[in-house]
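Protein chains in written order, with the working numbering: chain A, 77 to 482; chain B, 62 to 213.
It is worth saying that the hints were derived from the structure and are not from the lab.
Keep in mind that this is a model prediction, so the values were computed, not measured.
The beta carbon of each residue, even a glycine, is placed where N, CA and C say it ideally should be.
Here are a few chain A residues that face chain B, going by a calculated C-beta distance under 8 Å: (1) 183; (2) 184; (3) 321; (4) 323; (5) 327; (6) 329; (7) 336; (8) 337; (9) 345.
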Amino acid sequence: MRAILKVALGIIAAIGGFLDIGDLVFTTQAGALFRYDLLWAVVLGVIGIAVYAEMSGRVAAVSGRPVFDVIRMRMGFGMGLLALVASTFVNVLTLAAELGGIAIVLELLFDAPYSMFVIAAAVALVAIVALLPFGGIERFFGYGGLLLFVVVATVFHQNPDWGEVGRGFIPSLDSSTLYLYFVVGVFAAALMPYEVHFYSSGAIEEGWTEKNLKENRLNAIVGYGIGGILAVALVIVSGYLFHPVGVEPDNLGTVALPMQGAFGETGLLLALGGMLFCVGGAAIDSSFAASYNLAQFLGWEWGRYQGPRKAPRFTASWLVFLLLGIGIAESGINPVDITEYSVVLAVVALPLTYLPVLLIAGDRSFMDQYANGRIAATLGWTYFAVIVVLALAAIPLLLATNAGGG
Amino acid sequence: MTGTGRKRVRSATLLLLLATLALAWSGCGELSNDELNRGVESLSALAAQGQLVANGVARDATKITYARAMARTLGEQAEHEAEKLADASLEEPETADQRHAAVAVAEEISGLLSELQTFPGDERHGELVEQHLGEAGEKADAIVAQLSGDAP
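Go ahead and model the full structure; you've got the sequences and the hints to work with.
Here it is as structure tokens:
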């Protein structure tokens with residue numbers, strides 16, 4: 077039980093990172109369009125984020141430096157500033173989309189105006205952050221998001237053709253640009269930069285040291301593993317129900333339909349509840365990541381554990397980012413569209429986030445005995461090569477497919 | 062910058078702006094066969110999605126607020142598609158009949174979803190809407206077949 081409680085950081089980072097509004101819709105669309113053919117891309121993304129989260133957590137625990145500190149240290153002021161601008165842009169867009177996502181789920185549950193719920197969502201987030209300690213916030217959203225295990229139960233209830241599901245885990249490359257766009261989208265959604273920003277800063281919030289390295293590994297494997305299982309399950313239930321009848325899921329509410337089909341109102345409520353916690357967790361992840369990055373880059377005092385008095389600029393920046401998010405979410409742009417663009421644009425910022433982590437985690441003069449071993453280094457560089465290829469392909473594919481619209 | 066240089070930059074900017082507006086204007090409302098096809102396919106997808114929502118109502122296996130909000134969202138999408146198809150001028154005038162039929166199907170889907178929005182707790186209505194959405198989806202599929210030359 078203690079071991080399970082220890083993986084809260086990994087679970088919230090994974091739940092918020094893997095199953096934010098964009099992922100919920102992206103993975104559901106992937107299943108609806110290509111049935112089980114993109115399952116391999118989900119798994120590829122899960123392993124990638126687990127590898128880099130483990131590295132960033134290890135660097136934070138050993139050196140006391142979170143990812144953005146490392147970016148500035150390793151890449152200098154100019155590249156650091158570029159990474160800050162790019163990641164802040166993506167984080168604020170993501171935050172806006174998540175606030176919109178919370179409002180949509182509340183609208184589905186209580187049928188009141190969307191704009192009212194955007195404000196309510198932001199007020200609730202402020203209250204939760206003000207009242208709960210960092211660990212409490214992690215557990216609230218992380219364990220609440222586990223309600224989404226109803227998706228896994230739905231898979232077994234549907235009892236799909238398991239042979240066909242199994243074949244989906246074997247990588248295949250379709251020549252269509254739409255398929256390639258979804259490969260990039262599914263992979264990028266798993267490796268959104270804010271996940272490692274939040275995860276590594278969270279490790280400092282929790283006061284990790286070398287003694288917590290086992291916990292770090294457990295968080296990376298179990299936390300992201302759970303996120304991955306849920307993402308795989310979403311592709312399967314969507315492929316099973318939506319693909320044969322030609323449904324094109326571009327609403328957040330559609331994601332819950334397979335669970336309603338399998339377990340009626342109870343399944344629907346569990347799915348909507350799980351989505352609420354996941355999207356709420358992602359709003360916390362992305363808003364905190366934006367403030368962490370800014371504070372770490374400018375050398376401010378930062379961290380929820382410090383409180384507003386000791387870290388006033390960090391707290392103020394968090395509130396400003398939240399207000400920006402509310403402004404965008406209230407502008408009337410569909411939150412799903414916002415997040416789809418932010419996922420694909422984030423790919424371009426991926427190398428700037430992951431290269432410094434990889435370099436510093438492998439640096440024996442800095443990490444001593446805790447530097448990357450042969451397996452971590454091989455996986456890290458292989459994934460970095462994939463990230464660079466995808467970063468180059470992302471924008472042309474976004475334009476060629478009209479952002480997945482065909 | 063000299064006065065002439067400034068004038069040139071201003072003229073070039075104005076020209077660019079006019080060209081962009083002209084492009085946007087010429088693109089606005091011109092519907093290619095492919096776009097018409099995609100529009101009708103999306104109607105079929107909306108009908109299928111609406112059927113799943115209506116099925117939940119028919120089986121009393123949903124939450125009223127969810128069914129109402131989903132019916133509203135999908136209905137608005139169908140209405141928007143109807144307006145888009147009706148407003149656009151066709152690149153290939155011989156597909157006018159299919160466009161007309163597609164607008165009618167979009168309006169039918171929108172109407173059915175509006176009914177579901179009004180009676181999200183009525184199982185009998187749910188059953189009827191599910192059935193009629195299925196028929197509307199079949200009509201949309203038939204139009205797609207005609208457009209792609211697959212119709213008998």
